[in-house]
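In case it helps, the working numbering puts the sequence shown at residues 9 to 106.
Please note that the accuracy of each hint is not assured.
Said to hold, decoys possible - In silico lysine-lysine, BS3-like type, Cα no more than 25 Å apart, as pairs:
no. : residue 1 : residue 2
1   : 56        : 35
2   : 82        : 56
3   : 35        : 61
4   : 82        : 45
5   : 35        : 45
6   : 61        : 45
7   : 56        : 45
Rather than coming from a laboratory, the hints here were simulated on the basis of the structure.
Because the structure is a prediction, the values reported are computed rather than measured.
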Amino acid sequence: MENFNEIIHSNQLTLVDFFATWCGPCKMMHPVLEDLKEQMGDTIRIIKIDVDKNQSVAQMFNVRSVPTLLLFRKGQVLWRQSGALSLGDLSSVVRQYQ
């Protein structure tokens, strides 16, 4: 099984969703992320990181609010935003980095 560092250092575009189970806007993002994955298929990998269970990873990326989305390729943060986004907004951001 791959670990977090291996995943974000790959050549594949990787969207990381830092979330919490108690967070309302995080719950709103779930179907948006599913739709994005359906639209983009294998061109993107989407992983979810529960900040309560993975505090060290959240601290490593200075995640202070949820949801926070980070887009990676080859270990580099290409884009970052906190707060919920619509599918259209998120899709247009991600497509800039394809």
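Verification of the hints:
| no. | hint | verdict |
| --- | --- | --- |
| 1 | 56 / 35 | holds, 12 Å |
| 2 | 82 / 56 | holds, 18 Å |
| 3 | 35 / 61 | holds, 17 Å |
| 4 | 82 / 45 | holds, 20 Å |
| 5 | 35 / 45 | holds, 16 Å |
| 6 | 61 / 45 | holds, 24 Å |
| 7 | 56 / 45 | holds, 13 Å |
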